[in-house]
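Colleague: Required output: the full structure, derived from the provided sequences and hints.
The sequence shown begins at 25 in this note's numbering and counts up by one.
In short, the hints are calculated from the structure, not lab data.
It cannot be assumed that every hint is accurate.
Claimed, not checked - Taking CB as the label site, the calculated pair distances span:
(1) A280 x T318: 34 to 44 Å
(2) S122 x S310: 39 to 49 Å
(3) K245 x S310: 26 to 36 Å
Note that the coordinates shown come from a computational prediction; the quantities given were computed from them, not determined experimentally.
All residues carry an ideal CB built from backbone N, CA and C; glycine is no exception.
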Amino acid sequence: MNFTELLIAIHSDDTDRASDIATMVVPYGIYIEDYTDLDWAAREIAHIDLIDEELLQKDKSKAFIHIYIESEQNAAEAVSFLKERFVAENINHTIGNSTVKEEDWENNWKQYFHTTEIGQKLMIHPSWEPMPVTDRRVLEIDPGAAFGTGTHESTKLCLEASEGVVKEGDRVLDLGSGSGILSIAAVLLGAVTAVGVDIDPVAVRVAGENAAKNHMTDQIKLYAGDILGDAALYETIGSETYDVIYANIVADVIIALGTTMKHLIKPGGYLISSGIIDTRKDEVVSALEASGFTILQVSEEKGWIGLVCMG
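Modeller: Shown next, in the form of structure tokens:
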């Protein structure tokens, strides 16, 4: 399968707003080039012998959003939508396009995704790298075209929070499950079952493959659809309540799901949520509190917010 790649050039100050708009076109088929924090990152990894000089010379006033659209989808319609929204938001931009082969898209992930330790207990391991010797609980993940490698701040915040929340015998619901990484982590931490839901069928397929890689096909059940708009799916998901709910999505969806998640969580259960940019924190917190959740913990990493709430 081939993809149409849309390359959107914007000012780096507009990255968050522009990426929110981009995810309305393709929720998981995007990646962002933004070098504004590269100097900070270089100081953080100063123990490494060599930092590519070409990276350090990148123009930090510009950012680029790459969107990958499947060949059967209407790229022209996507461009029209993006232009309309960018103009409405007063975001200066240029949009170019090219055709990208599926294998090149998949290899782009492999360039940036390596074995990573998360928190005190977990390790994320891509299948193409040698298995390290470790006492940690290892998640074998191939993200493919689905969001969720564990290296993005929002996913990392959810994984770190999981270590102090998920316990033996828990039943977990993962809304916006992406690659399945949070469901897999929950089972590794003791959950007896995890139910993953995503609006993107490709993400559900990838999550199923990752569940199989981790020998968890019996513990992890996956569904494609929107629980707010699909009554039959909601009835299936809502046939039980959950000890832990993940919602690593975007602020607007978390807000919309507030009451639904409250109905689905057991009394005293935990909601672990991220995908929230710092400028939306107060809005999301207020909405969750209005839905009946108690905020227990607020974490922040590079402008992304993670929440742990009690139902």
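Colleague: For each hint, tell me whether it holds in the structure or not.
Modeller: Here is what the structure says about each hint:
Between A280 and T318 the beta carbon distance is about 20 Å. The supplied range of 34 to 44 Å is therefore violated. Checked against the hint of 39 to 49 Å, the pair S122 and S310 passes, with Cβ atoms roughly 43 Å apart. Checking the proposed 26 to 36 Å range against K245 and S310 shows it holds: the Cβ atoms sit about 32 Å from each other.
Hint check: a violation occurs at hint 1 only; the rest are consistent with the structure.
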